[in-house]
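J.: Residue numbers (this note's numbering), protein chains in the order written: chain A, 1 to 168; chain B, 169 to 629.
Derived by calculation from the structure, the hints in this document are not laboratory data. It is possible that part of the hints are untrue.
[Claimed, not checked] Distance condition first, Cα-Cα at most 16 Å in a straight line; then the derived EDC-like pairs of lysine to aspartate or glutamate:
| hint | chain 1 | residue 1 | chain 2 | residue 2 |
| --- | --- | --- | --- | --- |
| 1 | B | Lys-200 | B | Glu-463 |
| 2 | B | Lys-622 | A | Glu-8 |
| 3 | B | Lys-622 | A | Glu-33 |
| 4 | B | Lys-622 | A | Glu-7 |
| 5 | B | Lys-622 | A | Asp-133 |
| 6 | A | Lys-150 | A | Glu-140 |
| 7 | B | Lys-538 | B | Asp-472 |
| 8 | A | Lys-150 | A | Glu-19 |
| 9 | A | Lys-150 | A | Glu-165 |
| 10 | B | Lys-200 | A | Asp-133 |
In this text, all values refer to a predicted model and were calculated from it rather than measured experimentally.
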Amino acid sequence: MEFHAPEELLAASRRTYAEGYRRIDAFAPYPVEGLAEAIGFHHTRLPLIVLAGGILGCVGGFALQYWSSSIYYPLNVGGRPLNSWPSFIPITFEMTVLVAALAAVLGMLALNGLPMPYHPLFNVDRFALASRDRFYLVIEATDPLFDREKTRRFVEGLAPHGVYEVDH
Amino acid sequence: MPEKPPESKFAPSPPPVPVLEPGHTFASVGDKISSIVLTGRTPTGWFVGFAIVSLLALMLFYALAVLFTTGIGIWGNNIPVAWAFDIINFVWWIGIGHAGTLISAILLLLRQQWRTSINRFAEAMTLFAVACAGLYPLIHVGRPWVAYWLLPYPNTMSLLPQFRSPLMWDVFAVSTYATVSLMFWFVGLIPDLATLRDRAASKVGRIIYGFLAMGWRGSARHWHRYEVCYLLLAGLATPLVVSVHTVVSFDFAVSLLPGWNATIFPPYFVAGAIYSGFAMVMTLAIPIRKFYGLEDFITTRHLDNMAKVMLATGLIVAYGYMMETFMAWYSGSPAEWFMIMNRMTGPYAPFYWLLIACNVVIPQLLWLGKVRANVLLLWVISLVVNVGMWLERFIIIVVSLHRDYLPSSWGMYRPTIYDWATYIGSIGLFLTLLFLFIRFLPLISIFEMRALVKETEKRGG
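All chains, full assembly: derive it from the sequences and hints.
T.: Structural data, given as structure tokens:
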């Protein structure tokens with residue numbers, strides 16, 4: 001289904017979700033506020049992944065420095081402590097940020113299933129406009145409520161600017 | 169008697185210049201920005217400019233070739249001035265590299281909408297500046313082919329780096345900064361690459377942009393995760409950007425040399441970095457918006473705001489200079505006081521006074537609204553600040569080193585032709601990368617501009 005304005009897509013998504021369809025997805029050329037919620041997607045695990053990455057980087061970074069200066073190659077410089085932790089802080093901090101940022105980006109891509117060079121939606125020529133100024137709503141045929149005739153009637157009731165069947 | 173409503177106490181201020189000129193639609197912003205990349209003819213001016221800057225980049229490669237085959241004796245630095253152009257340029261470039269992430273991350277978190285049209289391009293500038301910065305320590309080590317020894321990795325020599333050294337901190341800070349900036353920039357590009365993929369007329373364009381866009385479809389679920397990711401990256405990059413120049417300043421502050429060993433260094437370096445970064449964004453943005461007719465997107469409001477940031481950070485830098493001088497006197501340390509006197513009246517004194525003129529005196533013009541509205545004048549001031557910030561690093565590094573505690577080891581430093589060739593060549597490399605970026609990637613974030621279109625509509629603007 002094609003729409004011309006974000007508000008139309010938002011309203012149609014809400015109605016489709018209320019109708020009971022769950023395997024649906026909405027597409028927009030920019031992040032539309034509330035759209036993910038409208039299709040029933042509320043939480044992402046991404047922040048947890050980033051937190052885990054940050055902790056890993058922090059502990060790993062400090063452990064590397066502690067291990068190399070206190071265990072692997074202890075070097076006594078004028079009786080100063082081997083575990084001179086204040087001077088390990090900058091690198092620990094940098095490693096925390098580095099691993100957390102890597103986790104954020106790679107986690108986002110992995111959860112989104114990217115890179116994915118082929119997707120059935122790309123078979124619809126007009127879908128190229130999803131990255132320009134058109135808004136799309138997709139109901140997957142695998143949805144338990146999906147029925148070719150019923151769904152078509154429902155979809156036409158949403159008054160879209162165009163309805164396309166996706167080959168796959 | 170009814171009280172006056174509180175609003176009326178304030179005279180209605182004239183509506184500010186918008187961050188996006190009205191009349192744009194979702195399609196028009198995307199088409200306008202992507203047409204720079206996609207539509208057939210590249211302007212002749214681009215080729216002329218590219219020819220000049222790539223020649224300069226070639227000069228850098230020549231200077232590096234001579235360096236690698238001969239050794240760092242071709243440079244002017246020698247004991248006592250063992251750090252000179254290489255480290256000056258490193259600090260200068262890394263400072264310039266701070267504006268991009270600052271604009272992208274900190275202004276995103278502060279919900280400053282005016283950042284949208286300059287962030288992409290500032291991020292690219294950051295990347296290229298960090299690339300130029302990273303070059304210098306590598307060639308400075310003398311044997312760049314074993315520079316990877318700086319990284320902790322299991323090896324047959326049982327060698328691990330000294331993690332207590334600020335120079336090691338630098339390795340981690342700069343490489344983390346480069347990686348995170350690259351990711352931040354690339355994540356921001358993904359939706360725009362998808363736009364380019366869908367709009368590209370040529371097959372090659374579709375394949376390359378399609379490959380880079382990784383199959384981005386604009387799904388609501390993807391957008392949701394994307395926004396979370398972008399926000400988290402911004403949150404991570406914010407302390408990072410502050411930490412990087414702090415660590416760079418530790419290279420100096422942790423030593424014992426008068427003129428280096430000062431606790432004011434970290435904040436003063438960070439402010440200086442933002443100062444020079446904004447100056448460089450301005451230096452580049454003004455000609456680009458003119459050349460590509462992007463005045464609708466990069467409005468005078470942007471230039472005005474950037475000028476204000478420059479003014480504020482410039483004042484912090486001025487405070488830094490003042491405190492350095494004050495502490496040298498207040499500490500009662502003869503070596504410190506001599507260092508300040510040597511700066512102001514010694515053999516390099518003209519550079520010090522030029523620095524004060526460039527960084528402290530001339531930028532005060534930015535207090536005047538008329539100056540901030542004058543695009544040409546702003547451009548000149550931004551160039552002056554760039555020069556000033558380079559001089560600052562020259563003063564800190566060379567002038568502190570050339571006369572330390574022991575008069576018998578004093579000396580003078582003069583850059584050689586290779587110092588200059590490497591420095592100017594690295595500006596060439598920076599601009600070459602920037603020219604390629606402008607030609608092949610969207611220099612303004614298209615999808616964020618679309619969101620801005622929506623906002624502009626809502627306000628009835």
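J.: Please write out, lowest number first, the hints stated earlier that are contradicted by the structure.
T.: Structure breaks no hint.
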